[in-house]
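Protein chains in written order, with numbering that gives the first Met the number 0: chain A, 0 to 84; chain B, 0 to 407.
Because the hints were derived from the structure by calculation, they are not lab data. The reader is advised that the hints may include incorrect statements.
In silico DSBU-like cross-links for lysine-lysine, where the CA-CA straight-line distance does not exceed 30 angstroms [stated by the list, open to error]:
#: 1; chain 1: B; residue 1: Lys305; chain 2: B; residue 2: Lys211
#: 2; chain 1: A; residue 1: Lys13; chain 2: B; residue 2: Lys59
#: 3; chain 1: B; residue 1: Lys127; chain 2: A; residue 2: Lys6
#: 4; chain 1: A; residue 1: Lys67; chain 2: B; residue 2: Lys127
#: 5; chain 1: B; residue 1: Lys21; chain 2: B; residue 2: Lys383
#: 6; chain 1: A; residue 1: Lys13; chain 2: B; residue 2: Lys113
#: 7; chain 1: B; residue 1: Lys124; chain 2: B; residue 2: Lys113
#: 8; chain 1: A; residue 1: Lys13; chain 2: B; residue 2: Lys39
#: 9; chain 1: A; residue 1: Lys67; chain 2: B; residue 2: Lys59
#: 10; chain 1: A; residue 1: Lys27; chain 2: B; residue 2: Lys127
Stretch by stretch, here's where chain B covers chain A in the computed footprint (C-beta under 8 angstroms, at least three residues) [to be verified]:
#: 11; region: 35-42
#: 12; region: 45-53
C-beta: ideal position from N, C-alpha, C; glycine also.
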Amino acid sequence: MQLSEEKIREVCLKTIARELDLPAEEVKLNSNLRDDLDLTSLDAMNVIMALEDEFGQEADIEQILELKTVQQLVDYLLNLLQQSK
Amino acid sequence: MGRKRVFVTGMGIFCPLGSEIKEFWNNLSHGKSGVHHITKFDPTPSLTRFAGVIQNYDPKSYFSPREQRSCEAFVQYGLLAAREAIAQAEVNGPDLSKCSVVVGTGIGGIVSYKPAYDALYLPDKNRKINAFTIPKMMNNALSAQIAIEHGCEGRNFTVNTACSSGANAIGIGAEWLQAGLYDRVICGGAEAPVTYELLRTWEAMGVLSRSKETPERVCKPFAMDRDGFVLSEGAAMIVLEVEESCTRRNQSPIAELIGFASNCDAESLTSPELEGVSHAIQKALKDAEISPIDVDCINLHGTGTKLNDQTEGAAIKKIFDDRIPLCSASKSQLGHSMGAASAIEAVVSVLSIQHQIVPPSLNCQPADPACHLQNLYPVSRKHKIQNVLSNSFAFGGSNACLVFRSCN
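All chains should be built: construct the whole structure from the sequences, respecting the hints.
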């Protein structure tokens, strides 16, 4: 199944909000994962596990921990899913 | 060189009878009960349908989403009690960063086990183990979180002696100060054991009350018709400080901690022993350098189980003979919050001194003559209180007694 960028973005925003127990409107594409969303390394693990389930792809935790914004995470996932085609 | 004198300069509480000291004392001294029907889960098929519950608790009112994700309820309760104690002690800056922390918990982070085990063993393979499981369930999460929140860089210990954990934590903290290792310590206990799983496992031991009376009537320490203890939750924290530090900071102490004893029955995991319990009380009085006749009030362990109450009563009779002082059995109003209970009762003891009031003991009549305690009253009694003994006994035979003295 091929996912559109829009769908990936939507799932990503929803998953982050759910795992961080935040209202959906607080999670934006330009949100900084650490400064705005208070994401810790353990939160990142929970988010990654949930996204892996959503997209059926294994992600690289080391690479994800280096990402700064939600948009960068979406871009990373887009790239990951395109490579796996 | 003699040991340093140790004073209480701050107290905090978060429990079924109040979310801060003033509210707690008002409810306790007016005979209110914190025991209610369990509503946060369905207790059936358990025959015990009630517990000491912090009603309407909403972590969002106190903690950020990140703190909520990373702290189980026992840590949250302990943090709230610590905030109040530190605020009352007015400790800040370098004085706070040099603080040590020693807190007790009997069970610790039990809630996180279930979703982790569910993820491992339930058929739904999509369940994931939450990355916070280990940091949330480790017993020293609370002592560490207090240090993190307040920047306390001194020793950081967690004590587990089951139901005497809080009193042992306070006593150990006092000993650090008496020895001159630190100027002040944050100490106490916390527990959040009101879960379906723990209710059922305690019930399996046959030690929980199954009374069909209304919740405020079910816990009956030392009464003829007592039938077990009532599970409860909460936390209490105390700031202890050496005399020199109180003087330097011009901080008025609330009470002095003059005696502490801790021992082990070394007989049974679950049955209290008269000798061990008696020795703990005697050693605490000796440590306080007072005689039984100097004790104005005893805050009893008084769980409401047949054997515990009988053993505690017999130990008190043995030591105080026919001069048993006025007593209070706070679990009659609060239930038994395991590792937090003895810290909460230490706070009750200090408040008794502060207000010169022996708080009520509900449901204790008709008294069981085998317990030798006829002086438990359902209403507060004004009384001249200089010295209070606070008793705590625990599974594992771990006994801990504290003695507090008025500063006046």
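Restraint check for A:Lys67 with B:Lys127, where alpha carbons must lie at most 30 angstroms apart: 25 angstroms, holds
For the pair supplied as a hint, A:Lys13 and B:Lys39, confirm whether the alpha-carbon distance does not exceed 30 angstroms. 28 angstroms, holds
Holds or violated: B:Lys21 and B:Lys383, Cα atoms, limit 30 angstroms. 21 angstroms, holds
Are the Cα positions of A:Lys67 and B:Lys59 separated by 30 angstroms at most? The given pair, whose Cα atoms are some 26 angstroms apart, holds under the 30 angstroms limit.
Next pair to validate is B:Lys305 with B:Lys211; report whether the Cα-Cα distance is within 30 angstroms. This hinted pair holds, its Cα atoms lying about 18 angstroms apart.
Is the listed coverage of the region 45-53 of chain A by chain B valid when you require three or more residues with a beta carbon under 8 angstroms from a beta carbon of that chain? Satisfied; 4 residues make the cut.
Please verify whether A:Lys13 and B:Lys113 have alpha carbons no more than 30 angstroms apart. 25 angstroms, holds
Cut-off 8 angstroms, C-beta pairs, minimum 3 residues; does the coverage of the region 35-42 of chain A by chain B stand? holds (count 4)
Between the alpha carbons of B:Lys127 and A:Lys6, is the straight-line distance 30 angstroms or under? Status holds; Cα separation ~23 angstroms.
Going straight from one Cα to the other, do B:Lys124 and B:Lys113 come out at no more than 30 angstroms? 15 angstroms, holds
Need the status of pair A:Lys27, B:Lys127: alpha-carbon distance at most 30 angstroms? Holds, at about 25 angstroms.
Can the restraint linking A:Lys13 and B:Lys59 be considered satisfied, given a maximum Cα separation of 30 angstroms? With Cα atoms ~20 angstroms apart, A:Lys13 and B:Lys59 stay inside 30 angstroms; holds.
Comparing the model with each earlier hint shows no violations; every hint is respected.
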